[in-house]
Amino acid sequence: MSTAHAHVQPNTFLFLRLPSELLKLVEIRADAIIDIGKFGSISSNSLLGRPYYHTYELLEKRAGEAQARIRVVPAHELNAEVVTSAPTPAESRDDSEATAGTNGVPEGYDLLSEERTTGMKNNRLTVDDASRQALSQQEIEELKKSSGGKEIIEKILANHAGLGEKTDFSKAKYMVRKTKKYLKRFTVLPMDLGTLMEYITVKEPARILELREESLGLMVAWSNVHCCPDDDVERDAAGKRVGGGRWLVIDETAGLLVAAVAERMGILFPDSEAQGQDDGKASSQRVADKSDAQPTADTSTTEQAAPKLVIHRDFPLPAPTNTITLLHPAVQPNVSLLKYFGYDTNQPDTTHPLHTHLKPLSWLSLLHPEEDPTYREPETATPAEMAEWKSGKRSAYFKKRRRWERFQSIVDEAREGGFDGLVMATSMDAASILSHTVPLVRGGGHIVIYSPAAEPLVKLVDLYSRDRRAAYMQHLAEGQQPNADDFPVDPRLLLAPSLQTSRARAWQVLPGRTHPVMGARGGAEGYVFTARKSIPLEGGVEARGNFTAKRRKVNAPPPPPSSDSIG
Amino acid sequence: MQNGRGPTPPPRTHSHVPSPFFHTPARTQSGALAILHLRKDSLLPVTLGTDSDGGYAEGPVTNTRFGSFPHSTLIDLEWGSQVRASKVNTGSKGRLIKPTPQPRPKHALSEAAADVASSSPARAPILEAGSGFVHILPPTPEAWTSSLDHRTQVVYTPDYSYILQRLRVRPGSSIIEAGAGSGSFTHAAARAVFNGYPNPQQPKKARFGRVYSYEYHQPRVETLREEIRSHGLDPIVQLNHRDVCTGGFAVDSTDGTPPAADAIFLDLPAPWLALNHLSRSLPQSPLNANGPVHLCTFSPCIEQVMATASVLRKTGWTEVSMVEIANRRIDVRREQIGLSNEGLRGVNASPASVDEAIERLREVESKLGKVESKAARLERVRQQAEQKKLYKEGHLVHRTEPEVKTHTSYLLFAILPQAVPEDNES
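So the sequences go chain by chain: A and B. Residue numbering for the first sequence follows our numbering, beginning at 4 and increasing consecutively. Residue numbering for the second sequence follows our numbering, beginning at 317 and increasing consecutively.
The hints are simulated quantities; they were obtained by calculation from the structure and are not laboratory data. Heads up, some of the hints might be wrong.
Stated by the list, open to error - Simulated crosslink set (EDC-like; lysine to aspartate or glutamate; CA at most 16 Å straight-line):
(1) A:Lys147 x A:Glu63
(2) B:Lys708 x A:Asp465
(3) B:Lys630 x A:Glu80
(4) A:Lys183 x A:Glu154
(5) B:Lys705 x A:Asp465
To be verified - Ranges of calculated distance between the beta carbons of each label pair, as one might list FRET restraints:
(6) A:Glu408 x B:Pro334: 24 to 34 Å
(7) B:Ala605 x A:Leu160: 49 to 59 Å
(8) A:Glu408 x B:Ser637: 45 to 55 Å
C-beta: ideal position from N, C-alpha, C; glycine also.
Could you build the full structure based on these sequences and the hints that come with them?
Have a look at this one:
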């Protein structure tokens with residue numbers, strides 16, 4: 004995995020997870036101060052270069068220190084706090100009998116154990132009263148100023164009169180509560196899709212259509228999105244492009260879906276290792292630009308890929324393969340979340356793989372390009388004319404031409420079709436989208452649609468139902484044009500439209516205290532529609548098999564006497 | 317690989333034979349792996365041009381319950397095409413040669429089949445059968461998973477899709493998979509790490525994604541090895557015959573470089589036993605020393621989870637968390653209720669409303685007028701139905717499909733951060 008996910012690097016985004024389980028999004032720069040809420044603040048330099056997933060504790064400030072120092076909390080210390088007394092597992096498979104002696108359950112639960120009656124505490128004698136804590140609120144506040152989190156917790160426990168009466172379970176819960184409150188700790192997590200989704204799900208879930216990781220996993224799997232290292236796109240007999248790792252994406256999740264698809268294609272992270280044609284140039288450029296910031300190991304290899312074409316930074320010609328064509332309803336696409344992965348569409352990093360592999364296209368440009376002024380070819384000038392221009396005018400002229408060439412190539416390629424698949428998460432009417440986009444997907448290609456609620460997708464499945472398809476083919480056989488009200492989409496074009504939903508249920512796994520967690524976020528079930536593009540036979544064909552009833556014939560020509568050789 | 321392809325594709329060097337899972341040519345070709353979509357949840361993998369039944373006059377033929385499909389009708393089509401069944405005499409008279417009794421490898425193109433496919437000028441003309449069709453699809457890990465032989469409990473798409481997401485597997489990653497089992501996860505993992513084929517001719521460019529797969533059951537290893545080879549995945553997947561609990565994660569290859577894994581998936585009866593071999597302190601550690609390592613274990617029993625979690629926590633792993641995935645497939649249908657559509661297929665012929673019930677009761681009770689016989693009524697309904705749009709009548713409903721997988725396995729995740737000196741203060 005590239006170093007971006009291994010070590011904290013300057014000018015990147017990362018997350019700090021606080022003891023309250025809340026995530027804090029931080030953009031880290033050198034020589035800056037990171038504010039960690041009520042805990043205080045630290046210098047960003049103390050995190051730079053460190054590996055991810057470690058937990059740190061803020062140390063008490065020494066006199067004259069502006070920021071707190073931090074120390075790594077070793078994993079064994081963290082884990083020891085989580086688990087107070089872990090039962091030993093069988094050390095080898097043959098030992099499995101050994102645990103049976105205790106029946107593999109904590110003593111108090113063991114019905115066969117003789118101490119059953121004496122073993123277990125309960126909450127019969129629990130007293131709920133603030134007076135059981137000998138320390139006053141004021142004393143605790145004093146403690147907070149003078150001592151570390153651990154000491155506070157120890158003192159609070161020592162001064163709790165009823166601690167001995169608590170059951171193990173409630174003692175553990177009490178400890179967890181106090182730990183969350185007083186330990187000045189945080190865990191440093193890299194920017195990745197899972198953590199970003201967790202962060203947004205708490206803050207503004209509607210922004211990503213309440214998409215959860217399990218639904219996103221289903222989408223990228225069923226869409227068959229993967230990296231395509233080919234240099235060029237194959238063409239069919241008619242000369243049209245087919246495949247080549249080109250995906251149509253419709254994204255109303257502020258770029259989260261684009262990021263997920265791009266991640267699987269290897270074009271999400273600046274130093275990703277996609278094998279696209281122009282990546283060699285892109286990354287060598289980047290290395291040259293930022294060589295002082297990050298001396299990467301693969302400098303020598305990337306520089307070997309000598310540029311064939313001069314790629315202009317503002318409007319480069321898009322890559323031919325391994326690309327995402329993003330259809331958007333507004334003038335500009337909303338992919339604001341991509342900035343967390345180093346690609347801000349307002350000021351694009353021209354060396355980012357998305358700059359050449361992401362092709363945004365509005366619905367107007369796709370369906371009515373002649374109405375889009377950008378599609379109109381700018382005037383051409385002869386060299387003689389240009390020779391008289393000032394250099395500013397000349398560069399403006401070339402920029403305009405480049406912009407048009409880029410745009411024209413995106414539009415023409417999209418209208419030609421042959422995409423490997425269509426992935427979408429949107430609240431727009433799916434049928435209106437599919438009627439335009441399914442014909443652009445190659446045969447056998449994948450169509451994957453996410454919706455937070457079932458109904459839009461249920462309606463869509465119904466538009467492709469077997470009965471509706473049969474009726475549609477009946478119309479065709481009779482030489483009629485099926486009307487668009489009853490048939491907003493051609494029901495023959497999708498194979499096996501299916502609907503599914505997944506939900507991850509989290510568990511707490513602790514010795515003697517293992518159970519599903521009590522609550523989770525996200526009311527949206529999250530439904531995923533999947534289908535594959537079918538190339539129907541002209542004239543239709545009668546089905547065969549053990550159907551419960553004889554179906555109406557939809558064939559135009561009368562079928563020849565069926566061969567009975569097949570059972 | 318070379319003999320796995322027909323004459324049509326251009327010759328390529330060994331390291332660049334594209335896997336049919338990563339590259340779909342414009343049209344179906346002889347020698348290509350294809351998935352025949354018979355009906356929903358009924359998929360049949362075939363290698364085009366391969367004779368599995370043997371010796372038909374039509375050349376290689378695949379017989380299904382929806383008809384017979386000579387491969388000559390399946391080759392050189394646009395992928396996704398609907399294909400009509402053909403008339404094939406599947407009796408002994410239709411055979412050119414006697415079917416060979418010994419079974420051939422399932423997806424490999426045998427020499428004999430290639431001969432039959434290419435050298436039969438006097439092949440019988442192929443007639444379309446009157447009914448029956450399939451769709452021909454390019455293979456995907458999902459299609460493979462739902463069509464493969466169950467040699468073990470299979471890791472299905474709802475689980476593996478989530479696992480690969482959580483393990484942060486990306487193109488270029490290195491992943492360890494132990495118990496390979498039936499190869500379902502293997503295919504999905506190979507797709508996730510794939511970023512090109514390593515080429516010994518070129519100087520080592522970027523890091524290429526690899527799957528290091530381990531399986532201790534010899535026959536399963538052999539079947540899977542053959543599948544990986546014929547699927548063109550051998551440059552990506554390194555399969556090892558080894559019990560990782562006792563033997564660790566050394567690799568069989570000649571260069572013997574350790575996997576340097578970024579992610580680990582353990583589908584083992586006692587995953588905690590394998591954890592000893594997943595330590596950074598080992599001399600030949602299989603882990604990537606320069607980054608975090610993500611782990612997932614896949615265990616059906618809660619006791620396995622507790623034992624594994626306990627060992628993980630003692631051996632320096634953090635972020636220990638466990639989930640189970642509940643996946644439901646949704647059935648969408650139109651429910652037709654009412655006497656007006658009585659007798660039609662799928663209609664619940666009970667009154668749709670009080671009014672309809674009363675109308676029918678009056679009809680029966682009055683006995684004054686002539687009561688329509690049931691046969692006449694059904695015939696009338698049938699004729700009326702011809703004029704109706706039944707596909708948009710009734711309630712559009714959705715519900716969980718009848719067979720629900722209520723439990724597959726528990727997924728236990730953990731992360732091993734890159735090592736740092738413990739007293740590191742700043």
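Comparing the hints with the structure gives:
1. A:Lys147 x A:Glu63: With Cα atoms ~11 Å apart, Lys147 of chain A and Glu63 of chain A stay inside 16 Å; holds.
2. B:Lys708 x A:Asp465: At roughly 9 Å apart (the allowed maximum being 16 Å), Asp465 of chain A and Lys708 of chain B satisfy the hint.
3. B:Lys630 x A:Glu80: Roughly 10 Å between the alpha carbons, so the hint for Lys630 of chain B and Glu80 of chain A holds.
4. A:Lys183 x A:Glu154: 14 Å, holds
5. B:Lys705 x A:Asp465: 13 Å, holds
6. A:Glu408 x B:Pro334: 24 to 34 Å: 30 Å, holds
7. B:Ala605 x A:Leu160: 49 to 59 Å: 40 Å, violated
8. A:Glu408 x B:Ser637: 45 to 55 Å: Holds, since Glu408 of chain A and Ser637 of chain B (Cβ atoms, about 50 Å apart) stay within the stated range.
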